[in-house]
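With the sequences and hints as input, model every part of the structure.
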Amino acid sequence: MYNAWTVKHKPRTLSEIVGNEESIRILTSWINSWSEAVPKKRAAFLYGPPGVGKTVAVEALANDLKMELVEKNASDSRTAEAVQRFAGLASQYGTLSGGKRVVLLDELDGITGTADRGGVRAVIEAIKTARFPVVLTANNAYDPRFSTLRRYCLLVEFKKPTIFQVIKRLKKICVKEEIMAADAALKLIAERSGRDVRSAINDLQTLTQGRKQLTYEDVAWLAERDRKEVIFNVLRTIFYAKDCTEAKRAIDSASMDVDMLFQWVYENAPYQLTDPRDLVEAMEALAEADVYRGRIRATQNWKLLRYVLDFMTAGVAMSRRRTKPSGWVPFRFPERIQWLSRTKKERQMRKLIGMKIRRKMHVSSVRAVKEILPYIRVIFEDNAEMATGIAKWLDFDQDMIGYLAGSKGRAKAIVAKLE
Amino acid sequence: MSYEMWVEKYRPRSLNEMVNQKEIVERLNSFVKTRNIPHCIFAGPPGTGKTTGALCLAHDLYGEGFREHLMELNASDERGINVVRETVKTFARTRSIGEIPFKIMILDEADNMTSDAQQALRRTMERFTETCRFILICNYSGKIIEPIQSRCAPFRFSYLSREDQHSYLQQIIQKENVNMLDAGLTAVFEVSGGDLRRTVNTVQAAASSGKPIDAETVYSVVGRANPADVREMMIIAMKGDFVGARKKLREMILKYGLAGSDIIRQIHIEIFRSDVPERWKIRLADAIGEVDFRLIQGADEEIQLSALLARLTEAGYEMQRGA
Numbered sequence: 000m001y002n003a004w005t006v007k008h009k010p011r012t013l014s015e016i017v018g019n020e021e022s023i024r025i026l027t028s029w030i031n032s033w034s035e036a037v038p039k040k041r042a043a044f045l046y047g048p049p050g051v052g053k054t055v056a057v058e059a060l061a062n063d064l065k066m067e068l069v070e071k072n073a074s075d076s077r078t079a080e081a082v083q084r085f086a087g088l089a090s091q092y093g094t095l096s097g098g099k100r101v102v103l104l105d106e107l108d109g110i111t112g113t114a115d116r117g118g119v120r121a122v123i124e125a126i127k128t129a130r131f132p133v134v135l136t137a138n139n140a141y142d143p144r145f146s147t148l149r150r151y152c153l154l155v156e157f158k159k160p161t162i163f164q165v166i167k168r169l170k171k172i173c174v175k176e177e178i179m180a181a182d183a184a185l186k187l188i189a190e191r192s193g194r195d196v197r198s199a200i201n202d203l204q205t206l207t208q209g210r211k212q213l214t215y216e217d218v219a220w221l222a223e224r225d226r227k228e229v230i231f232n233v234l235r236t237i238f239y240a241k242d243c244t245e246a247k248r249a250i251d252s253a254s255m256d257v258d259m260l261f262q263w264v265y266e267n268a269p270y271q272l273t274d275p276r277d278l279v280e281a282m283e284a285l286a287e288a289d290v291y292r293g294r295i296r297a298t299q300n301w302k303l304l305r306y307v308l309d310f311m312t313a314g315v316a317m318s319r320r321r322t323k324p325s326g327w328v329p330f331r332f333p334e335r336i337q338w339l340s341r342t343k344k345e346r347q348m349r350k351l352i353g354m355k356i357r358r359k360m361h362v363s364s365v366r367a368v369k370e371i372l373p374y375i376r377v378i379f380e381d382n383a384e385m386a387t388g389i390a391k392w393l394d395f396d397q398d399m400i401g402y403l404a405g406s407k408g409r410a411k412a413i414v415a416k417l418e
Numbered sequence: 000m001s002y003e004m005w006v007e008k009y010r011p012r013s014l015n016e017m018v019n020q021k022e023i024v025e026r027l028n029s030f031v032k033t034r035n036i037p038h039c040i041f042a043g044p045p046g047t048g049k050t051t052g053a054l055c056l057a058h059d060l061y062g063e064g065f066r067e068h069l070m071e072l073n074a075s076d077e078r079g080i081n082v083v084r085e086t087v088k089t090f091a092r093t094r095s096i097g098e099i100p101f102k103i104m105i106l107d108e109a110d111n112m113t114s115d116a117q118q119a120l121r122r123t124m125e126r127f128t129e130t131c132r133f134i135l136i137c138n139y140s141g142k143i144i145e146p147i148q149s150r151c152a153p154f155r156f157s158y159l160s161r162e163d164q165h166s167y168l169q170q171i172i173q174k175e176n177v178n179m180l181d182a183g184l185t186a187v188f189e190v191s192g193g194d195l196r197r198t199v200n201t202v203q204a205a206a207s208s209g210k211p212i213d214a215e216t217v218y219s220v221v222g223r224a225n226p227a228d229v230r231e232m233m234i235i236a237m238k239g240d241f242v243g244a245r246k247k248l249r250e251m252i253l254k255y256g257l258a259g260s261d262i263i264r265q266i267h268i269e270i271f272r273s274d275v276p277e278r279w280k281i282r283l284a285d286a287i288g289e290v291d292f293r294l295i296q297g298a299d300e301e302i303q304l305s306a307l308l309a310r311l312t313e314a315g316y317e318m319q320r321g322a
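Chain order of the listed sequences is G and C.
So that you can map any letter, position 314 of the first sequence is 313 in numbering that gives the first Met the number 0, and since no number is skipped, the others follow by simple counting.
So that you can map any letter, position 268 of the second sequence is 267 in numbering that gives the first Met the number 0, and since no number is skipped, the others follow by simple counting.
Careful, some of the hints might be misleading.
[What the hints assert, rightly or not] Within a straight-line C-alpha distance of at most 20 angstroms, the following computed SDA-like cross-link-like pairs (lysine to any residue) qualify:
| no. | chain 1 | residue 1 | chain 2 | residue 2 |
| --- | --- | --- | --- | --- |
| 1 | C | 142 | C | 176 |
| 2 | G | 323 | C | 316 |
| 3 | G | 323 | G | 240 |
| 4 | G | 355 | C | 2 |
| 5 | G | 175 | G | 197 |
| 6 | G | 99 | G | 25 |
| 7 | C | 210 | C | 176 |
| 8 | C | 254 | G | 339 |
| 9 | G | 359 | C | 58 |
| 10 | C | 247 | G | 17 |
| 11 | C | 254 | C | 242 |
| 12 | C | 254 | G | 399 |
| 13 | C | 254 | G | 401 |
| 14 | C | 254 | G | 175 |
| 15 | G | 158 | G | 17 |
Source of the hints: derived by calculation from the structure; they are not laboratory data.
Dropping the structure here:
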């Protein structure tokens, strides 16, 4: 089972959190003030860019103060009613265990769509009567939709950590995961992430997949293209789009090679869509896109590209119906591309053999490789006599004989007979 | 035993030597008699005598020196507009010396040409009809553009019957002293499915072991020619590990250079041999057929086959739920 480091290495206590010391101090003293009397502002509104630790801070704080944390991600409760019901927890008396409680309404930006009209109002109503601290988070507190809401809240800004702080965090994880990482490599990851800790940790995990060392060069491929960020964003949009239009828009934002993007989507589909029924639909959509690619090749009619795009974006996006959400799954570099480069030598050799066969046997070299070469290989393994004859007839060189014979001993025997 | 590829050694030289496609051979013979041929399209599956038919026709028409009047071009190796423009034109426009006033251009795997290249070809065909006749060879005539099709006489080749293959194999078995057992022969026909090239290659590879050929030898040749285990890949997929199965597939295609059409054929065989519920077999056969068709049309092998693997994964999941 895949285990995201952002979850695995999440700070459990405030002392482990890097950066935003002042904001956390304000938040802590506000929560502490509840034990004396209900403060004037019954809600704290934490705002700041993604991945700076807003949610983590609240979770660690609740843990440190031994408070029960009731948490709801606002973007998955779509109606005002649901928000209200949840926020109502803040006004109820007492917790089950008789302890203190913090109510966290996460990612408030997510409830402001048209479907959630009244969502913000429901939050305000809940705050007015709250008997426990309510904490809200959002990327932008100054969104006009929050103008009324702001009056009821203590505004706490979370800023991006410094590069140094991000590096420090990455180093701690490397120690725990027993990874030897070059300082320069970590610095590059931190810089590339735009000081987004979550994204930096995801990158670190992706880059160290299956190895225990990380050099500057390993990370450099990130540097050579900011494309990665573009690709990841596009993939995120495609795999999590709510409707076709949104999914298709992913392509507009990317001035990216369609074939390359296709490989990324194709590689990542099974990791993102884990329910077999969803996966089969996504793979079918990709296969359909591929059929249209073939039609473009055959007709050179690039108008058909729009259907390729439909299937590889919207087609894949609409496949997500039954896969259970399992948190953030990092995107993987297309393995097929690595394979292509790894098997290059062998394919090159087969191609050369195919050219030799083609000359004598009235087939294309491609077909020769697929339809004739496999049998020649069997003969080369079984019958040095016959192999020698064929090698002579088809004018194979030593390398080709070596490849076909499969073992050095057999190849030697054939070459000796040839001479 | 002789030491070259038997497919080539025993390729018929003259139309009379061809064992199959009787009606086609008859029509081609009538061309030979009138000493004139139209542009032709030879369409049909691999290993059914298309290229051989074209070579035999040229041989019978021009006699032993037929190679001087003939050019063979393989569109898969040399496709593209420029090749058609240059090579074809240079060849097509010069008049043939001898009593037959035209040359023959064999364009193999013509269905792999882009439509632009085909358009260019069409003009060349028209311009040089006097001096050059074209024989376009393809698996699937639907991929030849309409204007070319309408200018050509169509010939449809089909898979060989067991009888036809048998009579052809008989001479090879005798001349090469192959110890072929009946069960081995049946197995050869089963695995080659009417593709004579595959039949002969299988027999030669099996004979190279020097032992009497029984069914076991034949299956082992097929297995070794296709070293990756298709069955294992299917089991992995059906157990729910799509990613693992896809990796196997990638290995087959990229590492061993297996043809998608071979993999799909084996999947098809394995499905009916397997113990999946009967109604699932036929459902999956439909999916397999669709992928096969797409591959014929030139779709990407890994993408299409892994879509099929996803189907197997889904099927495995549904079967477990008792659907």
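Tested hints:
1. Taking the CA atoms of residue 142 of chain C and residue 176 of chain C, the gap is near 42 angstroms; set against the 20 angstroms cutoff, the hint is violated.
2. Annotation: proposed proximity of residue 323 of chain G to residue 316 of chain C holds, straight-line Cα distance about 16 angstroms (limit 20 angstroms).
3. Taking the CA atoms of residue 323 of chain G and residue 240 of chain G, the gap is near 15 angstroms; set against the 20 angstroms cutoff, the hint holds.
4. Using a Cα cut-off of 20 angstroms, the hinted pair residue 355 of chain G and residue 2 of chain C holds, with the two alpha carbons roughly 16 angstroms apart.
5. At roughly 17 angstroms between alpha-carbon atoms, residue 175 of chain G and residue 197 of chain G fall within 20 angstroms of each other, so this suggested pair holds.
6. Pair hint residue 99 of chain G plus residue 25 of chain G holds up; C-alpha atoms about 19 angstroms apart against a cutoff of 20 angstroms.
7. Note on residue 210 of chain C and residue 176 of chain C: the hinted pairing holds, with a Cα-Cα distance of about 11 angstroms set against a maximum of 20 angstroms.
8. For the proposed pair residue 254 of chain C and residue 339 of chain G, the alpha carbon gap of about 9 angstroms is at most 20 angstroms, so the pair holds.
9. Between residue 359 of chain G and residue 58 of chain C the CA atoms are separated by roughly 17 angstroms; this keeps the pair inside 20 angstroms, and the hint holds.
10. Restraint check for residue 247 of chain C and residue 17 of chain G: not satisfied, since their Cα atoms lie roughly 44 angstroms apart, outside the 20 angstroms limit.
11. For a cut-off of 20 angstroms, the pair hint linking residue 254 of chain C to residue 242 of chain C stands: about 17 angstroms separates their Cα positions.
12. A C-alpha spacing of about 16 angstroms is found between residue 254 of chain C and residue 399 of chain G, which places the hinted pair at or below 20 angstroms, so the restraint holds.
13. Under the criterion of a C-alpha separation no larger than 20 angstroms, the hint pairing residue 254 of chain C with residue 401 of chain G is consistent with the structure, at around 16 angstroms.
14. This hinted pair does not check out: residue 254 of chain C and residue 175 of chain G have alpha carbons roughly 37 angstroms apart, beyond 20 angstroms.
15. Pair hint residue 158 of chain G plus residue 17 of chain G holds up; C-alpha atoms about 11 angstroms apart against a cutoff of 20 angstroms.
The structure fails hints 1, 10 and 14 (numbered hints given earlier, in ascending order).
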